[in-house]
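Trainee: If you're matching positions, the sequence shown starts at 92 in my numbering and goes up one per residue.
Some clues are possibly wrong.
Said to hold, decoys possible - Straight-line alpha carbon distances no greater than 25 Å define the calculated BS3-like cross-link-like pairs of lysine-lysine that follow:
1) Lys321 / Lys391
2) Lys148 / Lys406
3) Lys125 / Lys152
4) Lys125 / Lys215
5) Lys334 / Lys125
6) Lys334 / Lys209
7) Lys209 / Lys281
8) Lys209 / Lys143
9) Lys143 / Lys125
10) Lys215 / Lys318
11) Lys148 / Lys127
12) Lys148 / Lys125
13) Lys143 / Lys127
14) Lys215 / Lys277
15) Lys334 / Lys394
16) Lys318 / Lys281
17) Lys394 / Lys321
18) Lys143 / Lys281
19) Lys321 / Lys154
20) Lys215 / Lys152
21) Lys321 / Lys334
Derived by calculation from the structure, the hints in this document are not laboratory data.
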Amino acid sequence: MSKLFATATVRHQAPYRNDVVGSFLRTQALMTAKEKLNAGTISSDDYQVILKQEISKLVEKQKQHGLNAVSDGEFSRVWWHLDFLADLEGVQWVETENFSVQFKDAKPKSHSVTITDKIDFSDKHSFINAYQLLADAAGETPTKFTIPSPSMLHLVACVRDPNHQPIDRYQDEAVLYRDIGDAYIKAMQKFYAMGLRNLQLDDTSWGQFCAVDKRAEFAARGWDFDKLAKDYVAMINRIVDAKPADMTITMHICRGNFRSTWFSEGSYAPVAEVLFGSCRVDGFFLEYDSDRAGDFEPLKHIKDQQVVLGLITSKTGELEDKNEIIARIQEATQYMDINQLCLSPQCGFASTEEGNILTEEAQWAKVALIREIADEVWGA
92 MSKLFATATV
102 RHQAPYRNDV
112 VGSFLRTQAL
122 MTAKEKLNAG
132 TISSDDYQVI
142 LKQEISKLVE
152 KQKQHGLNAV
162 SDGEFSRVWW
172 HLDFLADLEG
182 VQWVETENFS
192 VQFKDAKPKS
202 HSVTITDKID
212 FSDKHSFINA
222 YQLLADAAGE
232 TPTKFTIPSP
242 SMLHLVACVR
252 DPNHQPIDRY
262 QDEAVLYRDI
272 GDAYIKAMQK
282 FYAMGLRNLQ
292 LDDTSWGQFC
302 AVDKRAEFAA
312 RGWDFDKLAK
322 DYVAMINRIV
332 DAKPADMTIT
342 MHICRGNFRS
352 TWFSEGSYAP
362 VAEVLFGSCR
372 VDGFFLEYDS
382 DRAGDFEPLK
392 HIKDQQVVLG
402 LITSKTGELE
412 DKNEIIARIQ
422 EATQYMDINQ
432 LCLSPQCGFA
442 STEEGNILTE
452 EAQWAKVALI
462 REIADEVWGA
């Protein structure tokens, strides 16, 4: 029973009262193995053995810290999004002069993706093996798996690319949205058949749509912001509507997370009505660790979804004050019932393999703090 909120209740399904976005700092053993793999001093098979071991250790660590569902920490990938997108049929990696967005004081690898043919998801996709590694390590413990939102393929390959020219098949953009949706439905069904019941879609498109400068940039290149937002929600809803009844799909909205920095800022207000009011995901993981995200008022547009408040920053190792976080949860209840709220970091600890600038010790201290606060606020 909650010590602070009379009506607060425990929650036994995803998203959970104490939750995480999904990625964790790569361990030293994994980073060393990756360096050796890239240098050609160990084989891919040798690397897979170490990867499996490190995912297993991470799963145990998550269990010890009271997480209700365990992730693979995104240990199998370089990027939070590009690995998945590039492995879809009809999509290819490209090297670019600069990454498609500019982070504050940090520069990622200059990678992107381009659409070259009909988009599809096949049994050759590398994330099938990635999820199997997690499932093997988790055993009977519920799993959580993260993939980029379907809107990210359109955003990266079309909206952000100033030289974008659609291939013949996608001259009609409705066909592109349909094919992306079909591919994601196949992916969802595959992961479900493998045992996944908790799928998270990670999305930075909405963070950019919240930013005045980014909207102006897209508009100058001929993109209709309102149409993009509606098209993205329609595509996501089509996927959500196709999910099995016992599968949870959530969306994490981010303003960029690379080496403890970001690339966009602005209140959720510009997207709140169309996204919160129309998107039928089961929950939203929302960045709220700084004034970059504005206030809680846009939450008034939320329907019956859960909202996981990202009040704990993953960008620095400084541990938040418990009472201040509880006060912010109380503030959010002006717009939502306490039992529609949960708590997590604002983003993953390592959206790319480089990770944010904090120690593993600080990372786990934050996970422990989230659980402690959840215990006090909701009783679990």
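Trainee: Could you work out which earlier hints the structure fails to respect and list their numbers in ascending sequence?
Mentor: Hints 5, 8, 10, 16, 19, 20 contradicted; others consistent.
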